[in-house]
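Line by line, the protein sequences are chains A and B. For the first sequence, my numbering assigns the number 45 to the initial residue and increments by one for each residue that follows. For the second sequence, my numbering assigns the number 7 to the initial residue and increments by one for each residue that follows.
Hints were generated in silico from the structure; no laboratory data involved. Hints may contain errors.
Stated by the list, open to error - To give an idea of the chain A side of the interface with chain B (calculated C-beta under 8 Å), a few residues:
1) M45
2) I249
3) I251
4) R252
5) R333
6) D338
7) W351
8) L361
9) V362
10) E426
11) I427
Said to hold, decoys possible - Stretch by stretch, here's where chain A covers chain B in the computed footprint (C-beta under 8 Å, at least three residues):
12) 266 to 274
13) 282 to 293
Everything numeric in this text was worked out from a predicted model, so none of it was measured. Backbone N, C-alpha and C fix where the C-beta goes; we use that ideal spot for every residue, glycine too.
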Amino acid sequence: MDFHFSSQEETFRQEVDDFIKGELPANWAEESHYWPGGYGTIPDFEELEPAAERFRRRLAEEGWLTLSWPKEYGGAGRSNMEQAILNERLSYHRAPGPGVATLISGPTILLFGSGEAKREWLPRIARGQIRFWLSYSEPNAGSDLASIKTSAVEDGDDLVINGQKTWSSGAHVSDYAWMLVRTDPDAPAHKGISLVIVDNRSEGITIRPLINICGFHSFNEVFFDNVRIPKKNIIGERNRGWYYAMAALDFERLVVPVGGFKRTFDELVQWARETKRNGGVLTDEPLIRDKLADLAIDIDVAYMFFWQTAWMLDRGLVPNIEASVLKLVATQLSHKLANTAIDVMGPYGELERGNKWAPLKGRICTGYLDCISGLVGAGTSEIQRSIIAIRGLGLPWGGN
Amino acid sequence: MDFGLSEEQEMLKTSARDFLQKECPKKLVKQLDESDEGYSPELWRKMAELGWMGLPFPEKYGGGGGSFLDLVVLLETMGYNIVPGPFFSTVVLGGMVILAGGSEEQKKRLLSEVASGKLILGLALTEPDAKYEAASIKTTAALRDGKYIINGTKLFVLDANVADYLLCVAKTKSTSKPENGLTIFLVNSKAPGIKCTLLETLARDKQCEVVFENVAVPKENILGGLNRGWQIIQDILQKAIVAKCAEMVGGAQAALDMAVAYAKERVQFNRPIGSFQAIQHYCANMVSDVDGSRFVTYKAAWKVSEGLSATIDVAVAKAWTGAAYSRVTLLAHQIFGAVGFTMDHDLHLYYRRAKAGEIIFGDGAFQRTIVARELGL
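Chain B with its partners taken away, still in its complex shape (with noise of 0.2 Å):
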């Protein structure tokens, strides 16, 4: 057993805490979070160049070759820092999908101007139910005249503000197993007939409303197979929620290390707080919830990144870290008091993720169902 990351890991780790300290402070991140795109060109342009939008993919696409673990490691760091944009919906979800399905053209095509950061997508999955299953997609494409015609109406789709390409998911065949009918199509965003609304939400993460109404796509942007988008979908949410704990990993530990820095220095009864046992009690809950979770979450992304089977250990961790990470923000606003209500405090950008992250992909309810389900119960 190695609980150790390689020294490449390490590295990547280090390199990005610094360049997004440096390239990413919390100013940007408000202005970020107000404002409607949600993210810098020219911080997107220098992440690219340093090969962030690339990593998890192969060299002959344009990639960095790495794993999906090495992308774990990254989006820890990330989370730590806070870096809003495009991120997640264009490399975790648009790209992973692409990588898993598309034809060898489309993946030259799209993973190299995805790894060169000249494009951004988005995932239009759920729908007003808010439910990730495949039951749940009522958007339909009918083939009419060589084109697909999509209908439908998206919700809560990430991104899809500023997205280039949307990854739509619809039902292309009517079935008593709805898995077997569902089809992914790239749809440029711009398309006639697509209207997105953006949602104001909670963590400031640009959820959008996209409604299709008679959208035309030409058959060749199908990914993945006709009626075979669900297992790519189901195997890309897989990734997801790793990659989406290890964010909250990342931000878990910011709340802490903030937490435990303030206690040293604010004096109240002509001591610091830190020094009263209320105050270390809580810090000590932090630091099993914020090492707990980690443990979880680097063991269900290397069975992911290893191709093992992961389907209990992937709920374990989103079930564990998304109530773990809402658990360390609360308790550090408590040891913050009043400052930590303020907008300009640092800490509420932690606490709306977290339980922004709690819910998406599946909240702890939803994952025990899994786990009970792998149980065998």
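The shape of chain A in the complex, shown without the other chains (with noise of 0.2 Å):
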């Protein structure tokens, strides 16, 4: 056992450091209203912000928008481990970091595209040129996303496709949309889905905004109507894609906002430290000692499951409940985080962006509302459990 760093993992951590200050702008975490565990305040899906852009690129020519990537495809070969490096910083510096495309798109075509896939896709997705949102959820298909109902069916070389998706976080900032699709509705329903990509311009796309609970456009509503696209867009085997979107929720668990917490918590701290209350500071009080110790203790056993992972992916390991427990543990602490801060501050707390007496500018009753997002997105908590249930400890499913 062994809970160090190591000297290159050091280096390492000290260089992402200096990069970021170096390409972001100076006040760009201050200004920055993204809460950490929350889906609603992700800089990049209200709309593109010429900094971020700028710095998503400079990511990719370091080679570290796709850290862990073989060298082949535009990674840096690095560890799982120097991965989470990469993302607990880049997330503690609330710095726009990978998406959709990095995270699920890419590595779901390295284990399972073509190499015609691999070729035509990878480049891109590692120099950080293309953008997909991912189109899931449909107003029927939930927590049961296998009952989606978008239709494609074969017309010569060309796939057309019809239907709803919704909750598409992204979808109006992106380039392509990674979607699931029923190609055979005769079959049962976890066998006739596949996974294909469609270019945003195709005709007969309509993209409605849906404006959540912050009061930001980060998701969406889309249409496909008579949606052509051509069939080498299917992403390995026809009738698979449900076992490959199942096989991508494992790698996304690296990009848990450990960092973000930390940095929040940090400010937090920070303005206790130096509020008056009672001719002393806030962090006299006896409880607010206790509500503080109490989160800080929650936030390192986050950081506890977050490296773990990292490890055990280094060690060819498959974290499938631990990404499970990850995700759980992470949306959970997202929420208490923000209900311990507006308890901490009072009413202050409860002040909005842009109000002059608002303490963190405002970022705590923004991560308040934020912060459901989490615990319903992605797979709700209470999916995550059933995952972890029937997955990791083997109890037999019963049909819920």
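The task is to assemble the complex, starting from two chains supplied on their own in separate frames and drawing on the hints.
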């Protein structure tokens, strides 16, 4: 057992810190309203910021956008631990980081795509030239994702797509849909689904904004009316899409924003230290100290789950329950952080962004809203618990 | 970073688990819990033969030359099975104090007897205010005719009822800084003036009231120097907390394993109850509590074992693990239903120990005051 970082890892961490400080505008982290563990405040989802785009391009130039990918596809061939260190630092600085293309599409193509698909998509993803949005959920297929209805029917060399997707985060600022479609309506639900890539510029696509409870345009509903895509845009084997999508769930785990929790916690502590109450400062009060210590403990636990997952990946172990535990722990922490921060700040914590009295630029107030998206998005807490119980502990499937 | 155990540690874990399954079945655990002695001399002897009592002590003192981390691995396994008896008092509390503060002669004599299973020790530290602070020590030791005379009442002393020696922490100097006036004495538990009364407790652990009335102790029995006891106690408390966390991790894992096995076999509404979401989600919550406990406990254990500063890590581990173990056993009870509420069942053994573990060496609220202080609040 050893909980040190290697000297190479320490050096890399410093390199990343220096890079971020050099490449991002100085006040980026203070100005950002990004809330760790939420999906509604991810900077690029609302609109494309030139500074964020520049930063992402620089990350790509370093090979860091796809740090742990093999070099031949534009990666840097680094370890998962280094990937975890990079993600931790990016989230600490609230910096724009990897997206659907680099986290889900790329690794899936690497694992299951044809040689042609690899050549077509991977270099552009690694260079940060193209963005994907996750096109899974439908109005009647949420937790029961395998019940999707959007169809793709063969017509010559094309597939013709009809249907509707929803909760489509970032669809309005992306280039391609990474999409689950039904290609065999007669097969059992899981066995008639394929994974396809759809160009956002295709004729027949309508994107309508949905405004989330933070007041931001982060997600959309997207309609497909006879949209044609070439058959070569099917990734892997036809009708195997469900299994690829499930495998891809395990790729996402190292993006849990532990650094973001730490950053916001540090800011909260700093605020409490400077806030005068009852002839002293807020951090003199035993109840406030207890609440802050309790948060610090939870953050430490989340970090341990995070590093442990990276360690498992580097040893070739498949952390599938760990991925669900990590998601569960992190999103619960996201809520607890916002909730405790409001408790500590009192009415000041309720002040929205833009108000001159609002501490931390109103980030806490936004966070209290955005943390809901973490608890219900990308598989609700309940779905995660079912995955842990059934996949992890071998409890019987009850048709639930 | 390496979250894995070494090959030797894995072997220790497996062999200890096999041994305890065979030699310390739950029937024996319950018998011992209900007995006054609380341990089996036969099992004690076998554990000594396996080298468990000497595991963390250097070979030159008759020990096994293992690390603190090795001991933690063993304790997790013992916590999984439950092993009633004075192992914790003798090895973790007593033996570690002697290793830290004993003279060369004391270490040679006493640690080799601990390692061979001949000696049982108890740490007489806490008093009626039940705190782990220097200012709480009211028991005094006054020099008279070349001997120290100890007077006072120690409370919640583990295993004093069977200990051969008690390590008694007493005030030897009145000073505004109480931590600079405390001394550890090695006291023969049969010495005249000692009165030991067994307390009946939730976890059936053998906690005692020990009254010292004019107990005379020779000067040579000081451990770690006059007025220099508290530093040693603090160091040992840190190790004791991590060691207790390790036991708790094992116990929580056992409660989880029991509950999952039962959920797979118990049928209601014509299906195993483990197929119901409510039960599945309880189990999932238990997994995250058990795994989280293990990670923070081993991080703290590794730091302590390596001699690194670990104050905050130890407090984090205790606060989290104590609460988590209690949560896990409560959910396990929910899964077992009425059968878990019977004395015949094993689960209550864990449920009781979880609460005792949460409280001993400082509860969650106490640990969080340390975390807050260490964060510089």
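ask   = Which earlier hints can't be squared with this structure?
value = Structure breaks hints 2, 3, 4, 8, 9, 11.
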